[in-house]
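Colleague: Please arrange chain B on chain A, whose structure you already have, making use of the hints.
One letter stands for each residue in the lines below.
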Amino acid sequence: MDIKAYIALSLTLFTTGIIGVLVRRNAIIVFMCVELMLNAVNLLLVAFSKMHAVSPAAKASLTYASDAQIFVFFIMIVAAAEVSVGLAIIVMMYRNTHSIDVNFLNRLKN
Amino acid sequence: MNNVLHIVWLIPILPLIGFLINGLFRNSLSKSVAGFVGSAVILASFALSIFAFLQVKSGNTHLAHYFNLINIDALRIGFDFKIDQLSSLFLLIITGVGFLIHVYSTSYMHEEPSKDFAKYFAYLNLFVFSMLLLVMGGNYIIMFIGWEGVGLCSYLLIGFWFKNNDYTNAAKKAFIMNRIGDLGFLLAVFWLISKIGTVSYDEVFSATSLAKLSTTDITGITLLFFVGATGKSAQIPLYTWLPDAMAGPTPVSALIHAATMVTAGIYMIARSSILYSMAPVTQCVVAIVGLSTAILAATIALKQNDIKKVLAYSTVSQLGYMFLGLGVGAYTGAVFHVMTHAFFKALLFLGAGSVIHAMGGEQDMRNMGGLKKHMRITHLTFLLGCIAIAGIPPFSGFFSKDEILAAAFEASPVFWVIGVAGAMMTAFYMFRLYGMTFLGKFRGTHEQEHHLHESPAAITFPLIVLAILAVFGGFVGIPEVFVHGGHKLAEFLAPVFAQTNAYVSSHHAHEALSHNTEYILMGTSVLLALVALSYAINKFSKYQKTETASTGLAKVLENKWYVDELYDAVIVKPLRSLSAFFNNVIEKKGIDGLVNGVGKAVNYGGRQLRWIQSGQVGAYVLLMVIGMLVLFIIQFFVKNI
Numbered sequence: 001m002d003i004k005a006y007i008a009l010s011l012t013l014f015t016t017g018i019i020g021v022l023v024r025r026n027a028i029i030v031f032m033c034v035e036l037m038l039n040a041v042n043l044l045l046v047a048f049s050k051m052h053a054v055s056p057a058a059k060a061s062l063t064y065a066s067d068a069q070i071f072v073f074f075i076m077i078v079a080a081a082e083v084s085v086g087l088a089i090i091v092m093m094y095r096n097t098h099s100i101d102v103n104f105l106n107r108l109k110n
Numbered sequence: 111m112n113n114v115l116h117i118v119w120l121i122p123i124l125p126l127i128g129f130l131i132n133g134l135f136r137n138s139l140s141k142s143v144a145g146f147v148g149s150a151v152i153l154a155s156f157a158l159s160i161f162a163f164l165q166v167k168s169g170n171t172h173l174a175h176y177f178n179l180i181n182i183d184a185l186r187i188g189f190d191f192k193i194d195q196l197s198s199l200f201l202l203i204i205t206g207v208g209f210l211i212h213v214y215s216t217s218y219m220h221e222e223p224s225k226d227f228a229k230y231f232a233y234l235n236l237f238v239f240s241m242l243l244l245v246m247g248g249n250y251i252i253m254f255i256g257w258e259g260v261g262l263c264s265y266l267l268i269g270f271w272f273k274n275n276d277y278t279n280a281a282k283k284a285f286i287m288n289r290i291g292d293l294g295f296l297l298a299v300f301w302l303i304s305k306i307g308t309v310s311y312d313e314v315f316s317a318t319s320l321a322k323l324s325t326t327d328i329t330g331i332t333l334l335f336f337v338g339a340t341g342k343s344a345q346i347p348l349y350t351w352l353p354d355a356m357a358g359p360t361p362v363s364a365l366i367h368a369a370t371m372v373t374a375g376i377y378m379i380a381r382s383s384i385l386y387s388m389a390p391v392t393q394c395v396v397a398i399v400g401l402s403t404a405i406l407a408a409t410i411a412l413k414q415n416d417i418k419k420v421l422a423y424s425t426v427s428q429l430g431y432m433f434l435g436l437g438v439g440a441y442t443g444a445v446f447h448v449m450t451h452a453f454f455k456a457l458l459f460l461g462a463g464s465v466i467h468a469m470g471g472e473q474d475m476r477n478m479g480g481l482k483k484h485m486r487i488t489h490l491t492f493l494l495g496c497i498a499i500a501g502i503p504p505f506s507g508f509f510s511k512d513e514i515l516a517a518a519f520e521a522s523p524v525f526w527v528i529g530v531a532g533a534m535m536t537a538f539y540m541f542r543l544y545g546m547t548f549l550g551k552f553r554g555t556h557e558q559e560h561h562l563h564e565s566p567a568a569i570t571f572p573l574i575v576l577a578i579l580a581v582f583g584g585f586v587g588i589p590e591v592f593v594h595g596g597h598k599l600a601e602f603l604a605p606v607f608a609q610t611n612a613y614v615s616s617h618h619a620h621e622a623l624s625h626n627t628e629y630i631l632m633g634t635s636v637l638l639a640l641v642a643l644s645y646a647i648n649k650f651s652k653y654q655k656t657e658t659a660s661t662g663l664a665k666v667l668e669n670k671w672y673v674d675e676l677y678d679a680v681i682v683k684p685l686r687s688l689s690a691f692f693n694n695v696i697e698k699k700g701i702d703g704l705v706n707g708v709g710k711a712v713n714y715g716g717r718q719l720r721w722i723q724s725g726q727v728g729a730y731v732l733l734m735v736i737g738m739l740v741l742f743i744i745q746f747f748v749k750n751i
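Those protein sequences? They're chains A and B, same order as listed.
The first sequence begins at 1 in the working numbering and counts up by one.
The second sequence begins at 111 in the working numbering and counts up by one.
Bound-form chain A, shown alone (with noise of 0.2 Å):
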């Protein structure tokens, strides 16, 4: 397959993610969306590593191309730990004000 066509959903995913993030204030869908980019960097981070591992001189290297995918688990071992990080935020959150806005949270500054 074309490595364009990888690019392209990935850069729709990221896109959706940044626009979801910047327009929505509900926290949960925040935090999808920031899941979102995640998992588009992780799917650009795969489709480059498997192009790069079909060239001969990749072949030829002990690496075998494969740092990229090694990476990306190690971003979904972070992304888990956020998450649960950021769901007990939101929980708690959620507790004290009965409302996941947040814009609510810009009363911290006080």
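Quick caveat, the hints were computed from the structure, so don't treat them as lab data.
Don't be surprised by glycine CBs; every beta carbon is placed ideally from N, CA and C.
Mixed in with the good hints, there may be bad ones.
What the hints assert, rightly or not - One side of the interface only, derived from the structure: several residues of chain A facing chain B at Cβ under 10 Å: (1) I18; (2) V21; (3) L22; (4) R24; (5) R25; (6) A27; (7) V30; (8) I89; (9) V102; (10) N103; (11) L105.
Modeller: Coordinates of chain B only, in the frame set by chain A:
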């Protein structure tokens, strides 16, 4: 090392010890102990000076090298003392007159609290120490150390009664004027170092060193040294500090501002006589400056009413004569006049101090008069001092002044005419002073008249000794016309000026004055002085206080030719306004503005940027995205980062 004169370091060390004792323990020492310590160390120095003098007289001169003060590359400046005829003579004057004045001070300053009393003696000892360094130094650097030291002590002692604002101003004036001169001295030393790489007298005056100096160099160096001398020795244009220096205690005026410190400039030029002889331009400048100072100060002294001010201007005038002597090449004459002047001027100042003491601090001669019958010893010694300074034979002033005037006549008869006019004025103002103070009727208050008394022995003893010296001191330099070989002082000093004299006689055809001419010159000057003297006595023995303000020339003279006002307008005021300009514009607006401006800019910027921190998560994210986009765009368009 084996030379017996190697112990001369004791001479300046003793006053230094005295200074330390009096200075450090001034709170606990009683007056008698402080006075005793202060005087005893000077007496010991005097004894050692006599020893050194006798050694030198028997032909033993010595350059004592103790350690290297500065040792950089080829430049080696040692802590050296040079004991030769010139310095040993000055040693005698400084420690001898110094001792008498210390003794005098024990009585004169007795009303001070004991703390101030000890402080006074500490300063006085420090002064003697510095002055000894100045004359004993074997090179210009040691001389400069002493030179600065005496300036400092002069400042401290003029401002001794520092609670009076005028006195501290006088002290500051003296210090600053001296500093101007010192700058000239320093520049001359630097010039010497850069040209010949040494400052030691023996090396500088050696033929090889002198050959390295061009005429311009010598003229420049000697002129700069002379600038130093005008500051220290109160010559035009830096003389105005000396009359103001009378703010100090009277013994200080006698020691520092009459007998010793102010002669430092003469000593320095006499020491460098070979350089000056090689620079005719400078010699001419020295002679003219000396002569004009002598005349100017004498005219001012004619109309002063403060007893100490008259003596101060008289000192400036006499110093002018010494410089005239130096300028016309009569180095021995100048040194001779330094010596006799030290005797009679110290005597006059101490006499004036005795009068002031009796009058309870009154210095205005218009309120004195008739003191003759109240203070017999002071009167007699003062009269002798007046006759000596007026130049009446056979008193000491006659011999030394005559020697200078004769040399001036050889240089140019014009110098002689002006010089004699100055000498006439000297006789006039001294006897005006004498007449107003001691003759006629007492013009002060009843209380003062009741208080009048002869001063105690500690005051009269120095007066008597100095009077004897003032009367007979001149006999060491009887001119050739009277007694063949009578000029013992010239014989004694001959080795010091041998090189100079050899140089002068090889370059200029020198014709000694015929004896007849010399008799005529002497006769004229003595006659004129006698005329002025008797006129002054006649006029001022019957002096009555008048209230009319003087007019015309008299007013100008009373106001000292308005020189202080002129300096004030030309130098002080512009300097003040320049400082005010720097303070208000450059400092407050420029530098302060810059420093405060940086703070203000940060403060303002911070306040504006604070609005970005809104607390809206969406706004933060938007900013982040914008930031990333900007980075991408930069990355995209600017490839080679």
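Colleague: Does each hint fit the structure? Answer for all of them.
Modeller: How the hints compare with the structure:
Interface hint at I18/A: satisfied, since its Cβ lies 6 Å from the closest Cβ of chain B, which is below the 10 Å cut-off. Given the 10 Å rule on beta carbons, the hint for V21/A holds: about 5 Å separates it from the nearest Cβ of chain B. A least Cβ separation of about 6 Å between L22/A and chain B falls short of the 10 Å threshold, and the interface hint therefore holds. For R24/A, the shortest C-beta to C-beta distance to chain B is roughly 9 Å, which falls under 10 Å, so the interface hint holds.
Nearest Cβ of chain B to the Cβ of R25/A: about 7 Å, under the 10 Å cut. The hint holds. Because the smallest distance between the Cβ of A27/A and any Cβ of chain B comes to about 9 Å, under 10 Å, the interface hint for this residue holds. About 8 Å separates the beta-carbon of V30/A from the nearest beta-carbon of chain B, less than 10 Å, and the hint is met. Using the Cβ-Cβ criterion of 10 Å, the hint placing I89/A at the interface with chain B is not satisfied: the shortest such distance is roughly 12 Å.
Given hint, V102/A at the interface with chain B, holds; its Cβ is 4 Å from that chain's nearest Cβ, closer than 10 Å. Of the supplied interface hints, the one on N103/A holds, with its beta-carbon coming within about 6 Å of a beta-carbon of chain B, less than 10 Å. A cut of 10 Å between beta carbons decides the hint on L105/A: the least distance to chain B is about 6 Å, and the hint holds.
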